[in-house]
Amino acid sequence: MFTNCSLEGSLDTNITASALDELHRDDWSVMVLHFPGIDHIGHMSGADSHLMAFKQKQMDDIVQKIYTSLEKEAHLSSTLFIVGGDHGMDQLGGHGGRSDPEISAAMLFISPHMKSINPGYESPTTPKGNMFDYYTVIKQVDLVPTIAGLLGVPIPSDSIGVFIPGLLPFWKDMVDRVQLILGNIKHLRALLCTNHRIADISDMVPEGACSPEGVGPSSYWDNLSQKALDKDFLADLFQVKSYRSK
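The sequence shown lines up with residues 6 to 251 when you count with the numbering used here.
The set of hints was computed from the structure by calculation and includes no laboratory data. Owing to the predicted nature of the structure, the values given are computational and were not obtained by experimental measurement. Idealized CB from N, CA, C, for every residue including glycine. Hints may be right or wrong, so weigh each one.
As the list claims (entries may be wrong) - Here are the simulated lysine to aspartate or glutamate pairs, EDC-like style, with alpha carbons at most 16 Å apart:
| no. | residue 1 | residue 2 |
| --- | --- | --- |
| 1 | K191 | D163 |
| 2 | K144 | D105 |
| 3 | K144 | D91 |
| 4 | K77 | D31 |
| 5 | K70 | E27 |
| 6 | K120 | E76 |
| 7 | K70 | D105 |
| 8 | K62 | D44 |
| 9 | K77 | D26 |
Claimed, not checked - Label-pair ranges, simulated between beta-carbon atoms:
| no. | residue 1 | residue 2 | range |
| --- | --- | --- | --- |
| 10 | S83 | L187 | 19 to 25 Å |
| 11 | Q69 | L172 | 38 to 44 Å |
| 12 | G101 | V180 | 43 to 49 Å |
Sequences and hints are given; from them, build the entire structure.
Listed below in structure tokens is the structure:
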């Protein structure tokens, strides 16, 4: 049974009212909000339903209201607002397959403090002939170390991801960026040594032998060295690491 999420007095609206009330309080540290409306409308009438545009506009308004609270409420000055979805949908509103519409979900990291690193993307963007155009693409496994870095908490022990590079400019001081990525490297090194019995980070992969596929040491290292960091920055990091280890 689907709740009627297409009306003004929908479940999404009630969730928003409760959330906005909670945002006035300072006795919480993490708030998780789940809005089922878009998913329900997709299942009921498809992605192109006339109700979908209404619901998307409603969700835009909700995001705007929450962001306004972050700007106005003093106790929310260091709050990180993350917007994401667990899946997309095909034209019929279904999901679970491997098509781009089903596996592509938006992800936003929002904070008034991030205005300085806003790349100035056009919004809404105009597709260039394909069904989807992407501002950028991230790996799901990279969400965990990125959120950990932004919140200043340790990376969970089994995480194999790397910090999303587009958010590194949030730290103005290069030393802070280096410390963040060195922590990521240290974590991956410990994970590799434990899971693959590697004695040292230099033993992980022969030079130039990183494999684009697989789940072994090469795929971990490839994720760090080739995707997340450019060559020059990676070289600088290892210079700092070598200096610190003396």
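- Within 43 to 49 Å or not, the Cβ separation of G101 and V180? holds, 45 Å
- Item | Agreement of K77 and D31 with the hint, judged by alpha carbon distance not exceeding 16 Å | holds, 13 Å
- Message: Checking one constraint from the list: CA of K70 to CA of E27, max 16 Å. Satisfied?
- Response: holds, 13 Å
- Item | 16 Å limit on alpha-carbon distance, applied to hinted pair K62 and D44 | Measuring from Cα to Cα gives roughly 14 Å; hence the hint holds.
- Task: For the pair supplied as a hint, K120 and E76, confirm whether the alpha-carbon distance does not exceed 16 Å.
- Result: Holds, at about 12 Å.
- Under the criterion that the straight-line Cα-Cα distance not exceed 16 Å, is the pair K144, D91 satisfied? holds, 13 Å
- Does the alpha-carbon distance linking K144 and D105 stay inside the 16 Å limit? holds, 14 Å
- L187 and S83 - C-beta distance against the hinted 19 to 25 Å: holds, 23 Å
- Message: So if I understand the rule, the pair passes when the alpha-carbon distance is 16 Å or less; does K70 with D105 pass?
- Response: Cα-Cα ~30 Å, so violated.
- Is the Cα-Cα distance between K191 and D163 16 Å or less? holds, 13 Å
- Message: Taking the Cβ atom of Q69 and the Cβ atom of L172, is their distance within the range 38 to 44 Å?
- Response: Violated: the Cβ-Cβ distance is about 22 Å, outside 38 to 44 Å.
- Message: Next pair to validate is K77 with D26; report whether the Cα-Cα distance is within 16 Å.
- Response: holds, 14 Å
Checked against the numbered hints listed earlier, the structure breaks hints 7, 11; every other hint is satisfied.
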